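Protein chains in written order, with UniProt numbering: chain A, 1 to 553; chain B, 1 to 553.
Hints are computed from structural coordinates only; laboratory data are not their basis.
Quick caveat, the model's predicted, so the values are computed rather than measured.
Honestly, I wouldn't trust all of these hints.
Copies of the same chain are indistinguishable here, so a pair counts whether it falls within one copy or spans any two.
Straight-line alpha carbon distances no greater than 27 Å define the calculated DSSO-like cross-link-like pairs of lysine-lysine that follow [as the list claims (entries may be wrong)]:
#, residue 1, residue 2
1, K378, K465
2, K44, K13
3, K219, K465
4, K447, K86
5, K247, K535
6, K219, K85
7, K548, K219
8, K534, K228
9, K2, K247
10, K44, K353
11, K219, K44
12, K501, K21
13, K534, K247
14, K548, K247
15, K21, K318
16, K400, K44
17, K318, K219
18, K219, K2
Letter by letter, the chains look like this.
2 protein chains.
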Amino acid sequence: MKDIEIAQNAQIKPIIEIAQKVNLDSDEIEQYGPYKAKLTLPLKGEHPKTKEKLILVTAINPTPAGEGKSTVTVGLGDAFNLLNKKAMIALREPSLGPVMGIKGGATGGGYSQVIPMEDINLHFTGDMHALTAANNTLSALIDNHIFQGNALNIDQRRVIWKRVLDINDRALRHVVVGLGGVMQGIPREDGFDITVASEMMAILCLATDINDLKERISKIVIGYTFTKEPVTVGDLGVTGAISLLLKDAIKPNLVQTLAHTPAIIHGGPFANIAHGCNSIIATQTCMSLADYTITEAGFGADLGAEKFLDIKVPALGKSPDTVVIVATVRALKMHGGVAKDELEQPNVEALLKGYANLQKHLGSMQRYGVPVVVAINKFVSDTPEEIAALQAACQDDGVKAIVADVWAQGGAGALQLAEEIVSLCENEADFKPLYQVEDSIDEKITKIVTEIYGGSDVEYSLKAKKQMAQFVELGWDKLPICMAKTQYSLSDNAKALGAPKDFTIHIREFVPKLGAGFLVALTGNVLTMPGLPKKPAADGMDIDADGKLSGIY
Amino acid sequence: MKDIEIAQNAQIKPIIEIAQKVNLDSDEIEQYGPYKAKLTLPLKGEHPKTKEKLILVTAINPTPAGEGKSTVTVGLGDAFNLLNKKAMIALREPSLGPVMGIKGGATGGGYSQVIPMEDINLHFTGDMHALTAANNTLSALIDNHIFQGNALNIDQRRVIWKRVLDINDRALRHVVVGLGGVMQGIPREDGFDITVASEMMAILCLATDINDLKERISKIVIGYTFTKEPVTVGDLGVTGAISLLLKDAIKPNLVQTLAHTPAIIHGGPFANIAHGCNSIIATQTCMSLADYTITEAGFGADLGAEKFLDIKVPALGKSPDTVVIVATVRALKMHGGVAKDELEQPNVEALLKGYANLQKHLGSMQRYGVPVVVAINKFVSDTPEEIAALQAACQDDGVKAIVADVWAQGGAGALQLAEEIVSLCENEADFKPLYQVEDSIDEKITKIVTEIYGGSDVEYSLKAKKQMAQFVELGWDKLPICMAKTQYSLSDNAKALGAPKDFTIHIREFVPKLGAGFLVALTGNVLTMPGLPKKPAADGMDIDADGKLSGIY
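Extracted from the complex, chain A is given alone in its bound form (with noise of 0.2 Å):
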């Protein structure tokens, strides 16, 4: 049966009964259809204290073999649950860009969903296109401040606030506006970036509540004035009007698995080109209404898990309790160099040559300090002596892996998993930061390049070299470092799979995100607009005359 199938047919609850499995009572809740819902923010209840544990999942380089990461976070969740752990999950919200091309939604799969899975890969409860609408309205101000007398003398060729499209849009990445004569505007270069790679969402993700939130958006550098002082919103004098189009954008978003576990999905930023994790209001919400958290981070653990540790972390106040690394045998198999049409045949080889990526990873996250375990996402083609050879180079590193049959089985599948989980997070966390903000920029990066890329070398173009002299300047050095990169190997290069090594990563240009507190390191060629593929997802989609859809996956 497909995911959107299991999902139609499933004994959805009202979301009512959900919030009160976590005592919210229903004035806290906003019913946005009968099975979504946003929480009042802050809560207006009273929540008895928590163990406020956090649980993060991560994965291994993504291959075109599947990983499951979400799927593995669904059915943890509601593994807990069953084991009578008061657990909730925190997830992100899907873009339609992938949802329209080749990537799918983000809602799990088999029986490890959360649902609405159709409501949540759409429009959801629209938080992605107020910050569509919020990202824009700022650009038209920018761009009317221009055309208006200029007062702020913003140099338009300076500009580098974009606009954004929560779309797979190729023809948008580099446009000139303002054409047309001296009655449309200011002719300039610009460029549209996916909504869910822009500094409106990463800032959404980051705050800690309205006034944190207008305080990022004042701080955000929408270009420079011909002198080449930076100008923020604050200057622009718009940011009430930018930041009251994410009044309810900011409120996180309550939905349920299969199995009726309570699901916080709210704020949704990539992991290969933005900082990939759901908001910290999402992340907070959970851990004061359950005693157990499970949240994921995007693609890898080379960027999501490297995100969370190193920018989530110090805002949200808190380090996992345990790192869950996600791996598929077939994924490893691929990374050993085995193609898709064979990785049906059992080689277990290849797998253990595709583990030095696992591997890569496991050390990686050992290095923070946390307790970390591996989770085998069962397909139905893995060999009994694939996973045990598995398991055993797992265990030559200190790192237990343990099967998880999630997608045909739920929580059920995952039910030990869950228990050594469980057993991990009493312990003492004793969490080692990768890096100190007051580093220099160079250092930062490096750390991230050689302590968990395992590459060997960092190379700047000349516009980046300008670009880190003018930052420190600017007192801009001082922050995180959130790299661009592509998500299917360690390296700059998709190509690369496995554990390449003695590689050097190219930065190609910064970009500064002083709303969200990072800034951005371009590497490779990695783009910050996806295109679509030649056959889109689109192509198969359908409603029936009574709203029925089908095509989602």
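Since the structure of chain A is already known, use the hints to place chain B on it.
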């Protein structure tokens, strides 16, 4: 007190109670927070037959003095209910462009407002954003089709499907997309319209159900091949994907007035650059639940009402039982030549001179064979002499003019007007359409220009002439015409107030909208993407730490 303060201090009722007033069961509504809901489509329950009386509220040509068409519409709904007549209101959804720009929101004013006004004026239930996403997903699919081999042989110079944003952004009127080299798409000229001017919005407003929506979307002409054959969404094979993005947007939205009258706010095309009426589904829903449906069409009767009567009525299958024309003493004085800062001075002479504008609209509406009444929307500066003079002038033209003091008094200020409408609605309707769709394009436009605008002539650009010949060849000439014209004047010159005569309307270009089922005729220099003023409304907006908004009007 400001409108937003009145709205914020209102005793708002849970939307479920409002639904109950018109016999909607709880399973026929989907709540969006406590005070907004979408209705199921179709309604699940049986509803007793109503009188199905339809009242259309229109106005003179708008001036900076303010007319208050929405305010009168809302006040009338409350007045009907005070008279124990079962009435509902159908309105359009506001666009964020004017909210952030110069016009402000569209939820009425004073004590005749629909609430929650901030929500309705901002993202509401997400319909506008869903339309934007559907429109731009289609754009991305078109450019991707061309990039990925262009099997349909689409000429990128002849793509007529534009991108949209629900923002006033003049810099996006004319853009070049697809720049950056061979990996970034095919460079071509493009432009953004405001979402409310899009064909997607027109389709949402004219569709009667999901099947009709899909049928209309499949017929959209996105451009032409290199051999000049039209290419449709159906040809692209993405009707399903675009339609399912509107699965919730097609459901009508329920809110309430300050006096708790149920109001459906759904669909929001502008009346100058689009067809200016709320959705057919909204109007039909009101008519199926209440005896009296009070609805409005945008801007003056030359735009909104003409399009209501010539475009919406045939699709709706129902003509209005009464037309209300809203005028103010202030605005008529402006039409009579008085400057904005001198409107407080009594001036019967200027009023009677400006009456020519109202007189023209009276005649136009009478021409359709529908009963007409004038609502004088009261301002504090109006003198008894001015009001008497205006009433006498209307009387001479065979129409009653009744003062409505809805801003200050709510429904209580429109009881006499409501009683008159009830009585007019008892007349047998004798609706006479302005033109037949079988008329030629020129005949249809000429009838609009001479009989509704009072002009004498139509001049077509070379491009428009060529298009008319092309449309005849393609069989597209037997469609209604949607005029795109300035709202400020009966002519296509925004500065010609009052009732200009002997003028020529200039048609510079047509846009065929086969999905909406009409041809747009662009007149003068009307723009389908507005710009922001020097001091946009956004400048004065704010949100406080508790989420309370200010500066929206």
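Against the structure, the hints come out as follows:
When the C-alpha separation of K378 and K465 is checked against a cutoff of 27 Å, the pair qualifies neither within a copy, at 46 Å, nor between copies, at 66 Å. For the identical chains of this complex, K44 and K13 are neighbours both inside a copy (23 Å) and across copies (20 Å), given an alpha-carbon limit of 27 Å. Within a single copy, K219 and K465 get their C-alpha atoms as close as 24 Å, which meets the 27 Å cut-off; across copies the closest is 53 Å, which misses it. Taking the shortest alpha-carbon separations for K447 and K86, neither the intra-copy value of 37 Å nor the inter-copy value of 71 Å comes in at or below 27 Å.
Only between protomers do K247 and K535 lie at most 27 Å apart by alpha-carbon distance; the minimum there is 23 Å, versus 37 Å within a single protomer. In this assembly of identical chains, K219 and K85 lie within 27 Å of each other by CA distance neither inside one copy nor across copies; the values are 41 Å within and 54 Å between. In this homomeric assembly, K548 and K219 come within 27 Å of each other (Cα to Cα) only across copies, at 22 Å, whereas the closest approach inside a single copy is 44 Å. In this assembly of identical chains, the alpha carbons of K534 and K228 lie at most 27 Å apart only when taken from different copies (24 Å versus 42 Å within one copy).
When the C-alpha separation of K2 and K247 is checked against a cutoff of 27 Å, the pair qualifies only between copies, where the shortest distance is 21 Å, while the shortest distance within a copy is 36 Å. For the identical chains of this complex, K44 and K353 are neighbours neither inside a copy (53 Å) nor across copies (59 Å), given an alpha-carbon limit of 27 Å. Taking CA atoms no more than 27 Å apart as the test, K219 paired with K44 passes in neither setting, with 29 Å inside one copy and 50 Å between copies. For a Cα distance limit of 27 Å, the shortest separation of K501 from K21 qualifies neither inside one copy, at 49 Å, nor across copies, at 71 Å.
When the C-alpha separation of K534 and K247 is checked against a cutoff of 27 Å, the pair qualifies only between copies, where the shortest distance is 26 Å, while the shortest distance within a copy is 38 Å. Taking CA atoms no more than 27 Å apart as the test, K548 paired with K247 passes between copies only; the shortest distance there is 9 Å, against 31 Å inside one copy. In this homomeric assembly, K21 and K318 come within 27 Å of each other (Cα to Cα) only inside a single copy, at 25 Å, whereas the closest approach across copies is 50 Å. For a Cα distance limit of 27 Å, the shortest separation of K400 from K44 qualifies neither inside one copy, at 41 Å, nor across copies, at 54 Å.
With identical chains, the CA atoms of K318 and K219 are at most 27 Å apart within one copy only, with a shortest distance of 25 Å there and 54 Å across copies. In this assembly of identical chains, K219 and K2 lie within 27 Å of each other by CA distance neither inside one copy nor across copies; the values are 46 Å within and 31 Å between.
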